[in-house]
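Taking the hints into account, I'd like the entire structure generated from these sequences.
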Amino acid sequence: MSLPEFCIRRPVFSTVMMIIIILVGMVSYSYLTVRQYPQVEKPVVSVRTTYEGASPEIIEAQVTKILEGALAGVEGLDTMTSVSEQESSRIDLHFKPDRTLDSAASDVRDRIGRVAARLPKEADNPIVKKTDSDAEPIIYLALTSDVMSPAEMYDFADRDTKDKIEALTGVASVELYGASAYVMHIWLNPEKLAAYQLTANDVTEALVQQNVEIPAGRMISKDREFQVTTSANLKTEEDFNNLVLTEAKGYLVRLKDVGHAEFSPYDDRSYVSLNGKQAVAIEIVKKSTANPLDLAKDLLKRLPEIQKSLPKDLKIEVAYDKTLYIQSSIDAVYRTIWEATAFVIVVVFLFLWSGRGALIPLITIPVSLIGTFSLMYVFGFSINVLTLLALVLAIGLVVDDAIVMLENIYRHIEEGASPFEAAVKGSKEITFAIVAMTLTLAAVYAPIALSQGMIGKIFTEFALTLAGSVLISGFVALTLSPMMCARFLRRSGENKGGARVLTKKTYNSSLLNWFLGEVPPNVRVLNWIDEAYAKTLKHVLKLKIWTVSIAILIGILGGLLGLYGLKSELVPVDDKGIVYGKGEGPQSSTLKYVLPYVNEMDKIFNNLPEVEKQLTVVTIPTIVSYNLLKPWEKRKRTVPEIMASIKPLLMNITGIYAWPSAGASFFGGGGANSEALNFVIQTTRSYDDLIEVAKLIQSLIQRNPGIGRVQADIGNDAIEYFIDVDRNKAAALGITEDVIAKTLDSLVSGRVVTKLKKEGQQYDVRAQLVEHSRKNPYDLNGVYLKSKVGQASQMVPLSTFVDVKTRSVPVEINHFNQLKSITISAELNNGFSLGEAISFLETVKERVLPEGFQTDFSGETRRFIESKNTIYLIFGLALAFIFLVMAAQFESFVDPFVIMFSVPLSLAGAILALWFAGGTLNIFSQIGLVTLIGLITKHGILIVDFANKLRARGRSISEAILEASRLRLRPILMTTAAMVLGAVPLTFASGAGALGRQQIGWVIVGGMVFGTLLTLFVVPVIYTLFTPKVYKNVDDSF
1 MSLPEFCIRR PVFSTVMMII IILVGMVSYS YLTVRQYPQV EKPVVSVRTT
51 YEGASPEIIE AQVTKILEGA LAGVEGLDTM TSVSEQESSR IDLHFKPDRT
101 LDSAASDVRD RIGRVAARLP KEADNPIVKK TDSDAEPIIY LALTSDVMSP
151 AEMYDFADRD TKDKIEALTG VASVELYGAS AYVMHIWLNP EKLAAYQLTA
201 NDVTEALVQQ NVEIPAGRMI SKDREFQVTT SANLKTEEDF NNLVLTEAKG
251 YLVRLKDVGH AEFSPYDDRS YVSLNGKQAV AIEIVKKSTA NPLDLAKDLL
301 KRLPEIQKSL PKDLKIEVAY DKTLYIQSSI DAVYRTIWEA TAFVIVVVFL
351 FLWSGRGALI PLITIPVSLI GTFSLMYVFG FSINVLTLLA LVLAIGLVVD
401 DAIVMLENIY RHIEEGASPF EAAVKGSKEI TFAIVAMTLT LAAVYAPIAL
451 SQGMIGKIFT EFALTLAGSV LISGFVALTL SPMMCARFLR RSGENKGGAR
501 VLTKKTYNSS LLNWFLGEVP PNVRVLNWID EAYAKTLKHV LKLKIWTVSI
551 AILIGILGGL LGLYGLKSEL VPVDDKGIVY GKGEGPQSST LKYVLPYVNE
601 MDKIFNNLPE VEKQLTVVTI PTIVSYNLLK PWEKRKRTVP EIMASIKPLL
651 MNITGIYAWP SAGASFFGGG GANSEALNFV IQTTRSYDDL IEVAKLIQSL
701 IQRNPGIGRV QADIGNDAIE YFIDVDRNKA AALGITEDVI AKTLDSLVSG
751 RVVTKLKKEG QQYDVRAQLV EHSRKNPYDL NGVYLKSKVG QASQMVPLST
801 FVDVKTRSVP VEINHFNQLK SITISAELNN GFSLGEAISF LETVKERVLP
851 EGFQTDFSGE TRRFIESKNT IYLIFGLALA FIFLVMAAQF ESFVDPFVIM
901 FSVPLSLAGA ILALWFAGGT LNIFSQIGLV TLIGLITKHG ILIVDFANKL
951 RARGRSISEA ILEASRLRLR PILMTTAAMV LGAVPLTFAS GAGALGRQQI
1001 GWVIVGGMVF GTLLTLFVVP VIYTLFTPKV YKNVDDSF
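Heads up: the sequence shown is residues 1 to 1038, going by the working numbering.
Hints are not guaranteed to be accurate.
Stated by the list, open to error - Ranges between beta-carbon positions, derived for each pair:
1) L849 x V115: 31 to 37 Å
2) V848 x Y29: 53 to 59 Å
3) D163 x T15: 52 to 58 Å
Claimed, not checked - For lysine to aspartate or glutamate, the following DMTMM-like pairs were computed, each having C-alpha atoms within a straight-line distance of at most 20 Å:
4) K949 x E283
5) K315 x D298
6) K256 x D202
7) K256 x E283
8) K162 x E305
9) K121 x D163
10) K297 x E317
11) K820 x D92
12) K297 x E429
13) K630 x D574
14) K256 x E771
15) K235 x E152
16) K130 x E283
17) K96 x D78
18) K820 x E305
19) K755 x E262
20) K277 x E305
21) K130 x E152
These are calculated hints, taken from the structure and not from any lab test.
It should be emphasised that the depicted structure is a prediction, and the values quoted were computed from it without experimental measurement.
Every residue gets a Cβ at the ideal spot worked out from N, C-alpha and C, and that includes glycine.
Below is the structure:
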């Protein structure tokens, strides 16, 4: 007894199985987390080393190169980039997706430990930081006040608000922008120090020795125990000003005699405004495992409580909330699911004209979809845009199996069989075809699930969710569907000699009778289609060579259109409901210089009617403006259109580089700092040679009209003042180079000397020259040091034994994979694709790149190239997997070849539809093309399987293929209509994340419509040409 027959005879058993599937699925759904995209670990380990006072050249030679040499051999390393700049070395190690972040970070720490002794003693220990795949701010809060200054708001937030937000579940980190932390500045006057025979080292030693709080131990009495602490810490400006430094002629010399203490912000390099009003921004980054929507909901719930804890004149509000886009995109896909379901039910009813018949897929669709949630939970997947998109496509797929089973049973009822007999006989006939279609479609996604690249990892959840829903739908089609057919369907026609006769009885068309299934189906259209198709197919079978030639030509033209007619990119530029404005000030620019241009940028965005809220964050020299737009349904222009309108205005701002950005996608990076094109030039030659070549290539790129703003990370050279010490003179005065270096380090850089404890918070104490003594490097000549010659000591000015000289040095020195590098970044103009830009750069490289230089790609460009290679592999493996699975099922290598002849025809239709819709070849459309391979082969399986069954009964090849094609026409048309109409909501998607959904929708609609029309004629022709004359019967019973 086959599985369908067992379920037909045991309806309660079948019903219980389906209820269990639904219950387990619903429980699993409640446990699934919600994200925008699947959690894919993009392992990035950062190494930061601070060496105060060191120039970029010293950082490169003494820190960066040593660390790079040690880290180069770490297992799984993909790329390593570094930036050596003033006082800092930054190395970012990007690992391959199959390397876990924890193990990569552990290896990095181990490698650093091996060379730590070779680093300068004055340098801080390297800090190793793991970067989460979602380490991106999801919410910005803004603090504003009419009374408090930004520094006061910053200090309050640092002491109070920050801790409350960090305590929320799911928060990884909280950062503040708009001011800087308070520090106790010790401003020293070099002339006064010299007058009292004091040096900077004397002051720092006094600060360390007299600002103490040390546990002294415990005292124990008979009954009690006491804790004793020695406390002599300094707390106020007055305490510091009264600090005793030395005694001179019976007079106590205090700090106020040689300078003064001031409790004020550390520096003035950050600025934030909210809708034009100065503010302090609170950046919130979520943990990689946290649900962003739950975190945002929890934060908004707590915000009134946080507001109550603030001073009356301090207001807090949400300035930017990325979860709005996430929620909108997920809601849009949910709506699409309901729309697709409604379309599919209408298709079934229109073909069967039976309310009872339409009720069967109406039940099987939710069973299959809900059951899929249990598989998602087992595999650790989440509810995200891609898994929901898979469920949208699954609606058309899961109903296919139910339709095929339903239609075949319905056909037997029309031929006179009782519903029970028809269910047993019809299900037995179609079981092999359903198993073959289910396994074939599931096999399409095996290569994606096995792919190791980042794109493959991202789409694994999409692929396995869709494959899982197909497998469950196949099981439901073999169990629940035949049982429901036996119970729900009613005989609506008469048996005319056993042949398939479509009834034409007069009927009462009341709604009640229709729903009860008592009205026969209206079959005039289907009759006409059946007859027209049979006649046309007979004629086509007489023109086999012409048919095959035309099919091959269509496949070739489709391929050429895909290669040369469609542009290629990583992902389409989507409308996220926000337009970023980005600016870069000149190197070494100050906040005072940048602010007028920031205000000019803000005015341009404020004049946009679509902008609802504006948050501008400046961290010198970078400017980022977050311009939140009105909801998608309340504005006419999209983000790309808005960007095009303001780009010339931003480019006309003369004092800074400014441009608009849509923000990169999850696949290409994040935030407002991503450019589409990232071209890396590397060399082992000098940095000057590298700059010369980079400027030449940059000028050639700028001439291309398809490329917009072009920028190279060369930076302007900075003027460095260096102290040239006359060693002989210094030695004669008893002054060592070490004393000179430490004195200048303290007075110029303002190194942290000690800590100040105030209101439970610790603040840095920094000693530094007063401002008027450090405006010009030549002011350093006024600094005095103690000369020790014999027993006497005297104060000697630096000018006695040093010269202050200048030289031009790079602001930063970049490396890419250990080689000196310059990265040229550019934005692409509308109509110019990333694929075209890469081809152009390859041409430029061949023309002008001299010997000793090489090139590479980074960022979104690198991911685009990787995805292109990955999709080719996935595509090839998908074809191979399908062919092998069908060969095993049919016990033949010819039948799979016949079936797969429909694939290039369907792909040609998909590419034509993409071209018509103005789409591109991107990861969304490419995954749609892979899906299409499995979809279109289902039609061929139905035809070939029935033809083989008829041949087993003694029919000739021509008779078998004609009859099989005619009998399978209606289920093929029904499944195509269900799949196409299920995908139609995707093609007309709007709102958040619409472009990606549209790309897949056009691929499915165009490929299925075009491919189905051609498959109905080409597959029968190929079958007659290649199938063996003698049929070998194969037992396909289940």
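Going down the list of hints, with the structure as the test:
no.	hint	in the structure
1	L849 x V115: 31 to 37 Å	33 Å, holds
2	V848 x Y29: 53 to 59 Å	58 Å, holds
3	D163 x T15: 52 to 58 Å	55 Å, holds
4	K949 x E283	67 Å, violated
5	K315 x D298	19 Å, holds
6	K256 x D202	14 Å, holds
7	K256 x E283	39 Å, violated
8	K162 x E305	14 Å, holds
9	K121 x D163	34 Å, violated
10	K297 x E317	14 Å, holds
11	K820 x D92	15 Å, holds
12	K297 x E429	53 Å, violated
13	K630 x D574	15 Å, holds
14	K256 x E771	16 Å, holds
15	K235 x E152	18 Å, holds
16	K130 x E283	19 Å, holds
17	K96 x D78	6 Å, holds
18	K820 x E305	52 Å, violated
19	K755 x E262	14 Å, holds
20	K277 x E305	24 Å, violated
21	K130 x E152	32 Å, violated
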